[in-house]
Every structure is written in structure tokens, then in C-alpha cells.
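So the sequences go chain by chain: A and B. The working numbering numbers the first residue of the first sequence as 4 and each following residue consecutively. The working numbering numbers the first residue of the second sequence as 4 and each following residue consecutively.
Certain hints may be false.
Claimed, not checked - Simulated pairs of lysine to any residue, SDA-like, Cα-Cα distance not exceeding 25 Å:
(1) K307(B) to L244(A)
(2) K255(A) to F30(B)
(3) K23(A) to F30(B)
(4) K239(A) to E299(B)
(5) K255(B) to K255(A)
(6) K313(A) to H301(A)
(7) K23(B) to A136(A)
(8) K23(B) to G253(A)
(9) K313(A) to G378(A)
(10) K255(B) to D302(A)
(11) K66(A) to G83(A)
(12) K15(B) to V33(B)
(13) K23(A) to F259(B)
(14) K66(A) to T77(A)
(15) K239(A) to F259(B)
(16) K313(A) to N380(A)
(17) K239(B) to W325(A)
(18) K255(B) to G253(A)
(19) K255(A) to V304(B)
(20) K255(A) to L166(B)
(21) K255(A) to V33(B)
(22) K255(A) to A306(B)
(23) K313(B) to G373(B)
(24) K255(A) to D278(A)
(25) K255(A) to M199(B)
(26) K255(B) to G303(A)
(27) K239(B) to T329(A)
(28) K307(A) to D302(B)
(29) K72(B) to F30(B)
(30) K255(A) to K313(B)
(31) K313(A) to A377(A)
(32) K239(A) to D302(B)
(33) K23(A) to L166(B)
What the hints assert, rightly or not - Which stretches of chain B does chain A cover? Using the computed rule of at least three CB atoms under 8 Å from a CB of chain A, they are:
(34) 32–38
(35) 143–149
(36) 188–200
(37) 267–281
I should point out that these hints are in silico values taken from the structure, not numbers from a laboratory. For each residue, glycine too, the CB sits at the ideal point set by N, CA and C.
Number of protein chains: 2
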Amino acid sequence: MHGDERFGLDRKIRLLGPVKLDSGAEFAPVDFAYETYGTLNADKSNAILICHALTGDQYVASKHPITGKDGWWTRMVGAGKPIDPARHCIISINVMGSCMGSSGPASADPSTGGPYGMAFPVITIGDMVRAQAILLDHLGIGTLSAVVGGSMGGMQALSWAALYPERVRSAVIIASTARHSAQNIAFHEVGRQAIMADPRWNNGAYYGREAPASGLAVARMAAHITYLSEAGLTEKFGRRLQNRPDGTMGSKSFGFDADFQVESYLRYQGLSFVDRFDANSYLYITRAMDYFDLAEPHDGVLAKAFAATKARFCLISFDSDWLYPTSESRRIVHALNAAGAAASFVELSSPFGHDSFLLDAPEMNRIVDGFLRAGENL
Amino acid sequence: MHGDERFGLDRKIRLLGPVKLDSGAEFAPVDFAYETYGTLNADKSNAILICHALTGDQYVASKHPITGKDGWWTRMVGAGKPIDPARHCIISINVMGSCMGSSGPASADPSTGGPYGMAFPVITIGDMVRAQAILLDHLGIGTLSAVVGGSMGGMQALSWAALYPERVRSAVIIASTARHSAQNIAFHEVGRQAIMADPRWNNGAYYGREAPASGLAVARMAAHITYLSEAGLTEKFGRRLQNRPDGTMGSKSFGFDADFQVESYLRYQGLSFVDRFDANSYLYITRAMDYFDLAEPHDGVLAKAFAATKARFCLISFDSDWLYPTSESRRIVHALNAAGAAASFVELSSPFGHDSFLLDAPEMNRIVDGFLRAGENL
């Protein structure tokens, strides 16, 4: 693939599409922003698609252009890692609806020239996956050696196996679920209401003006709590107070400043998020996640979603993840078993809650490495 | 006490105070709004103080003047109930900082004539209790037969036993904690940031204008999720969609309306809350709760807080309460044991999370009834 301009870093392309959306509408043309690492082999059997989470992006193992930070999954992807450019042709695509270059509410609507805003169609996880399939066609990749994702990335991996059974040889689903629960929906609804309550949101028409940063920051703060465990927060912060500027341990201010370290941390999470994320994208992607229920089009029987799959599945959950608890992974494994699919499942122990899949987890790496290598030797 | 104007419904009184606050300041004069049910007996041995939760009030067993709803704890308080006006002289006081008639940020500041707003002092749970003691003095009540509370009411009951060991004969603490955890603080901080992000908040100076209703509604929505369990939300709403106006089961709107019943429920919780609660009070009371750590003034040793108490304690937790989980009640019981205090403890099973203490829970009623009667027969 050397010299193939379709591969490499910071790729952008507009494809005709259309994406046939679950809403019944069609969306076209479709912009894609993506990264690839490694080279597609001669028989095109080494392609791995990595799907990102709600606020993730295509910068899996390359520098984020806004934050300047390393890629979000360099612990899993890179030289000597389970997903290795030396062996794999790795593709990561900014999901449709997001804000890092793929079509989303901040993109220009060809019919008006201005940003879509709320005229962007409401999409689903399935729609994101159907869009990705169009890009893979363009890249000349028919079958994926593996599709890998954590959290919302896992929802996409499951949807890939369900929607394109002939194109997926294996799937790795980490800290994820086959449906959003009432509590999941509730937390997302709080975030959406926080954004829409910000007068600067202006029904989504804020591009070129001040963005609804306060609302988005509150949304991020609420969500961030769900990514961590109670025990993890206690270990990391407890009730410790902020240090004073002179470095001494602070005392209560008897005011509304961030007295506790956990308050300061949360405020920082909210404030730094608004620099890199679009509020409307947050609305659209949380909506897609809330709509996600892989069993729904199959009379509520999850096993039916996997009726045609021939893929091998690897599921990993974390015991302190209360956003997508182990019981949700177990439900998927039961459905895969019922569908006769090969599925391995491990619950790992970690104090860090849902975020564990993004952190240093040697056992997770060993499991993913073993699973991928076993597939390559089949 | 017949004809004693200090007792009865819808009582209001201004007392000189001052309340000596934990911040070092003094607060005076102090307004109290309170309800009493039943009659103080000749030896003044039948007084029970009921302490309310964050958004609760003095209308324990009488109609709320704004919502028109029955009192919030008629399941526990009333004729034939464990706390019975036929046997007990029941007092419930709107906490300092709140907005139902006791001194709070919406009250008139005597030094300016206008509302305090953010000039109201930041208070603690201990300050609320010290204020209550001033009112009990006025009522001629020296010793409480029992102090009873759930959630933040339990924090007050614990503080009563710690601050006034000679005035408390027994304490009932339900679904509560002796300290706010990092996660508790984090959720409250989200709520405060939501309020302060609302431009109508205007640094607390919104009285006589539009209140920061959007921010307060978001704060309430986020908090409300923590009052319910994941299982309870699933049982109550699952992924069910809103019915259409014609009564038929709805379908996805592919928009941002409340498609799911849980979204509609949460929005209603947020909207209805702002009609009855003041945003600044929400800031002050959540701050008081976050500051709460009964062990802190005792070198972190909770048992020392109970060194002087001679009270009997009854603790009840609910297995699905993840806001103040059973482990926090157990920690209190261990400290009481270490202090040599008499303590009984039961964890009850309920799918309804933290809110269980407000709901129909016959076992809770039997436990409280037995505990109070045993104390009256001592």
C-alpha cells in the first residue's frame, strides 16, 4: 500500500454515499476523517477497525491536533502492543455525528452552505457503522480481521457483527452493552438538558458565535462521574481539600469555590472538554447511544441479532464499571452462545470503573493479544 | 399545651439567637418555620424531632402550601403510625438555609432590607442543629425522646447526638451517612455548577426577577438519578417509549423530544422542583452536606464524636441505596459500638434505592415503632 494516498495519518475524504439511516432518511455526501496505521497485506486479511467512544476520535495512536496529547489508546495500539502496525492495518474513523472531521452538526450543509446545526439528521449506532462500511469499501477492505471497541466503540463492534456478518471475522467488545439502560438514558438526558438550558445553545445555531460552553461543561461533569467508580473517586480524592497556592493543605473556604480536590478535578474536566468538543455533537451522539438496543429490531431477542455471524467474540468487562456493568456483557455472551457463536468473556478487577478500558490494564492487553493472535492463526 | 401558641401548624417565629456558626461567624436574628403535631406531656418526655432531607421541609404530615400535596412522611407520622401525635409531641423545623420560612438566602437581610442572596453565611449541618436547639429552648423542650431523620435528616440526628449528648435519649438514622464521599460531593458539585451556569442566577441576586429555573432543574435531574437505583429505574421505565397523545405506544421521534418515559419523568422532576425550591438554598444546603464529616473535628475518629452520648441508636439502610450505601451505616454502627453506645442496625431490601425511606416500607415502620416503644418503656 506504500504511496496509497488513502492510507496514513490525517486522512479526509468526501464520499457520495448515501448512508441509509434508521430514521428512513438518506444522508449524502458523507465526510470521513480517519487515521490508519500499518499496511494492508496482500490478501487484505489484516485490517482491524478500532471504534471510538462517545467523546473519542480517530486519534487512537497519533497526536490529537487540538490538545496536543498522544492518542487515546496508545496502551493498546502501537509497536509491540496487541494491535500493532507491524502486523495489522489499523483503521480508526471519526464517527458520523462527531466533530473531528467526519460529517456532524458542525459540518457545512451543502444545501445551505452553512453548518447543519439541528438540521443534521438524528442518527443511530447502526448508521455510524453503515457509514464506516462505505469508507471501508473505498479503502478496498472487504473483510475485517477484527473490529475492536470499548464503551460506544463496543456498541459499534457489536453492530458490525450484526449488520455485516460476512465482513467481520472477530470482534472485541470492552466495557460495553447491547442496549442503553434507563439509568444510562437518564444520565444522558441530564447532559442534553444542561446543554439545551444554556441560552448560548440557541437551538443549535451557535456556530460563529459563543458556544454553549457552560452547559457542555456541566454535561461532561455529570457524565464523568459515571465513568469512575465510587471507590476510585475515594482512592483518588476522598474528602481531601485543595492545597493553597503556597502548597499547604487548604481548609474549608465557607464559600462556593472548589474546596475539595474532587470539585476542582471535575471543573477541570468540564472546562477542558469544551475546548475539544462540539455541544451539538454531544447531543447527537448521546441520542444515538440512547437509541441503541441491538435486540429491538429482533423482537427483543438479542441472539437473533447474531444469527448470521460467523465471527469470534471476545468480551471484557470491569467489576467496578457501573455504567455498563458486567451483567450487560454477560447478557451479550448468553445471546452469542444461544446463536452458536464463539465467545470468550472475562471480567477484570479494577478500581477505576468504566474508564478502566482506557487505562493501564496489562491483563486486558494480554487477553486482546491472545485473542487476536489465535484468530490470525486460524 | 392546649392554647399554647408556640405549638401547632404553620408556626413562624423570629428568635434573637445568635447561632454560632462553624465558620466562626454568628448569625442573628434567626427565623424559624415549623410544624408541631401532638401535645407535649406533663414531664416533657415525649418530644420527637423529625429532621428533613435536602429538599424536604417542615410539612412532615401536613399539606404543603405550594404543591398542595400531603406531608412527605405521612407513612411514618400520623394516627396509628410509629410516630403518632396521640403519643408524641412531634416537631419538624425547616432547616436554616432552606426556603420554606426559616432563615435562608431568600430571607430579608435586616442590615439591608433586601434578600441575603450570597451574603447569607455558608453553614454546616452542625449549624442547622445549633439553630434547632435555639427553637427547642423557646418551646421549652430540654430533652428529645427521639431525633429522627432520613438522608440529610439522619446527618442532623447524628449531629444532635454528638453536639447535645445530654438532650437526646434516642436517635433514628435512616439511609444516611456520617460523611459525604467524593462521589457525593461530585454529584452535588454538578448541581451547583448547573445553577451557577444559568445566567439568570446572576451571582445569587435574582430575587424579584426570573429565577435560574433551567439550572436548578438540571441540578434536580442529576440528583434525582442518585435517589433511585438502576434496577428501580429499569423496573419503572426500562426502555419504554412515551405514549402518543392518542394513547398508543410511541415510536422513536428521531429528534430531541422526550422519547423515553424515563426522559419525560426526569424532565417533570426538574420542572416541578423549581416551583417549590429556591436555587440559592440548593447551593447552601448541598454545601452543608458536602462539608459534613462528623469525624473530622475528632481527628478523623468517628467514635470520638459519640464519646459523651447516652442515646440509643437505630440505624436502617437499604440494599439498593448507592448514594449512602449500607457500608456507611455500618461504619456508624462500628463507631457507636466503639463508643459503647447502644445501637441496632438493619439493612432492608428494596429495589427503590435511596428514596426507599420515603416510600411504603412496612418493615422500616415496624423497626422504628419497636425501637421507639422500647425507649418509652425504659
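Status of each hint after checking the structure:
no. : hint               : verdict
1   : K307(B) to L244(A) : holds, 22 Å
2   : K255(A) to F30(B)  : holds, 18 Å
3   : K23(A) to F30(B)   : violated, 65 Å
4   : K239(A) to E299(B) : holds, 19 Å
5   : K255(B) to K255(A) : violated, 48 Å
6   : K313(A) to H301(A) : holds, 18 Å
7   : K23(B) to A136(A)  : violated, 68 Å
8   : K23(B) to G253(A)  : holds, 23 Å
9   : K313(A) to G378(A) : holds, 12 Å
10  : K255(B) to D302(A) : holds, 16 Å
11  : K66(A) to G83(A)   : holds, 19 Å
12  : K15(B) to V33(B)   : holds, 11 Å
13  : K23(A) to F259(B)  : holds, 20 Å
14  : K66(A) to T77(A)   : holds, 10 Å
15  : K239(A) to F259(B) : violated, 36 Å
16  : K313(A) to N380(A) : holds, 16 Å
17  : K239(B) to W325(A) : holds, 19 Å
18  : K255(B) to G253(A) : violated, 50 Å
19  : K255(A) to V304(B) : holds, 19 Å
20  : K255(A) to L166(B) : holds, 20 Å
21  : K255(A) to V33(B)  : holds, 24 Å
22  : K255(A) to A306(B) : holds, 23 Å
23  : K313(B) to G373(B) : holds, 19 Å
24  : K255(A) to D278(A) : violated, 30 Å
25  : K255(A) to M199(B) : holds, 20 Å
26  : K255(B) to G303(A) : holds, 16 Å
27  : K239(B) to T329(A) : holds, 22 Å
28  : K307(A) to D302(B) : violated, 59 Å
29  : K72(B) to F30(B)   : violated, 32 Å
30  : K255(A) to K313(B) : violated, 31 Å
31  : K313(A) to A377(A) : holds, 15 Å
32  : K239(A) to D302(B) : holds, 21 Å
33  : K23(A) to L166(B)  : violated, 67 Å
34  : 32–38              : violated (count 0)
35  : 143–149            : violated (count 0)
36  : 188–200            : holds (count 10)
37  : 267–281            : holds (count 3)
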